[in-house]
Amino acid sequence: MIDPALVSALSALMFVIGLGGAFTRKNAIIVLMCIELMLNAANMQFAAAAVHHGDTTGWVYTLFAIAIAASEVAIGLAIFLAVYGQHETISLDDVDVLRN
Amino acid sequence: MKLVSLFTRMGLLALGMILVSVLSADSVWANSSDDYPTTSGLADSLLTEWALPLLILGILMSMAMIGAAYLVRDERMENLLWEFGTDEAEVVEVEDDDDNDEDAVEEEKADESEGEEVVEVIEEAEVTEEPEETDDSQEVEAVERQARMDRELEERRNRLESMDEKTRKKEEELIRVAEKAKTIDFSTLGFASASDADDLQRIKGIGPFIAEKLNVLGIYTFSQLANMTPEIEEEVNMAIEFFPGRIKRDEWANQARTLLGGEDE
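Keeping their order, the protein sequence lines are chains A and B.
Position 38 (the first sequence) corresponds to 37 in numbering that gives the first Met the number 0; numbering is contiguous.
Position 150 (the second sequence) corresponds to 149 in numbering that gives the first Met the number 0; numbering is contiguous.
A couple of the hints might just be wrong.
[What the hints assert, rightly or not] Dumping the calculated BS3-like pairs for lysine-lysine here, alpha-carbon to alpha-carbon at most 30 Å:
| # | chain 1 | residue 1 | chain 2 | residue 2 |
| --- | --- | --- | --- | --- |
| 1 | A | Lys25 | B | Lys181 |
| 2 | B | Lys203 | B | Lys169 |
| 3 | B | Lys247 | B | Lys181 |
| 4 | B | Lys169 | A | Lys25 |
| 5 | B | Lys247 | B | Lys179 |
| 6 | B | Lys179 | A | Lys25 |
| 7 | B | Lys203 | A | Lys25 |
| 8 | B | Lys169 | B | Lys181 |
Hints listed in this document are in silico derivations from the structure and should not be mistaken for laboratory results.
Predicted model only: the values in this text are computed from it and were never measured.
Looking at chain B on its own, in the form it has when it is part of the complex:
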């Protein structure tokens, strides 16, 4: 590799020297013309001789600009919804989330009381159903898990205030994702916590931020991803506000299965 790069450099140096020596040779610059091109001459030739190419160039440039604008369009879920005008209520809600901190505070309060309720439910469950704990332990576990996730959400909300704008925006997105965790069927996926997390970024298509979003959603392991059914894939896709249908196209479930297989061997 080093040899190749050395060779490239030598070649470039040689090319540079040859170019300079050829271009500065006296014979090239002999018999120069006496008249000097003027700006008005340039304008003349642009608008008469070169009028048509100029027009074509203008069309080309506007095509390039439209193309560039199309390429950089924002494909995130909320923008697509806005574009298609399908779910106006939801869009308004999303916009409120972004713009209105007051709303966030109110929501926070609402969630707080909700969280307390859940804790009470847990306590009740523990008190009243102790004898049959084996039967209901799963249910209790589920409620506890829910409570824990709510608490995490709360912590994230509280942290928001001490952040600068950029991290705040990111954090708000994560909170939005975490709120959608309830819509996903974890009984099929299986549960996991941060302690048994796999390195999700080994899957093609998952970057650092997507991995973080999956984590706040409650997805930590390859086996959870491998258990995804097409419907769940769709739900997760919606929840993490990723490009529509991307999880399916990138075959995260298949990739996760392959990675799992590789680890077993």
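Extracted from the complex, chain A is given alone in its bound form:
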């Protein structure tokens, strides 16, 4: 079995990569993907902790987080589509006001 410490270190790396992407990228879709990466890092951490403690609660949390992430992505992409319809761009530098 894989050592939970290794899994958790990998999840820390994933989180930092996601954080960096979310800070530095301008394309809204890449930012969304980076947020997803951070969520998945948290999921891995949950799973590792569940294995370590011998408790299924961590897995349940992971499942919930996955489901919430899915609905978040659906809404996020829909918003980007609507924004694209209005501004004809999804570069976050150009879309800086909420009013049309």
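Dock chain B against the given chain A, drawing on the hints supplied.
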């Protein structure tokens, strides 16, 4: 700016190192449990202990999906007409335009003969009314302009056949727009041609495709946009199949006036 980005990167690197070192410390992973969580255990806890949260999660997800579907609904004119069921004849016509190439060919033929008629009218006008040219020159000009626009329309139609599907769809939309040019009162707007075109995309709310649609409609300059009355705004809005009332809300006329003022100074 570069300094900020460098600082961000350094901070992220530091954060990553701290996280990894904390998480891989032996003390965190000491006294691990002997029993290992099983899949059947997961199923058990999901359906007993976590049944209610699971239900709430399901409701949340379906709400999110409905919301997403609502956000991405297509607001184009023809779809709205279809949704409201106001003008069925027109909707059928629009659908025919989209689906039936044969119809397009027939229409093309009809338009061809129409175009010839217009040319004949011009020739007649030139022949019979030469002495009073100053009075009627405007009228003749208008007829000529009409003929020119018809010719452009024709060219676009002919080009259709040599295009792939995507550009064809776009082109068909442009043709639909161009056909509606007749409904717009250009005597108020003023006439312009491609040679004195302004960069319409400087107006907020006009992108490349909308600018192209305005051009095929015969709108090229800021002064034309500035001359729009509320009724004309509505007509143009309909003609370019834009979100209803959008031209008014974005105040294209006002923006155009501002841009005109800026150029004069």
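The hints, checked one at a time:
no., hint, result
1, A/Lys25 - B/Lys181, "violated, 43 Å"
2, B/Lys203 - B/Lys169, "holds, 22 Å"
3, B/Lys247 - B/Lys181, "holds, 21 Å"
4, B/Lys169 - A/Lys25, "holds, 29 Å"
5, B/Lys247 - B/Lys179, "holds, 19 Å"
6, B/Lys179 - A/Lys25, "violated, 39 Å"
7, B/Lys203 - A/Lys25, "holds, 21 Å"
8, B/Lys169 - B/Lys181, "holds, 20 Å"
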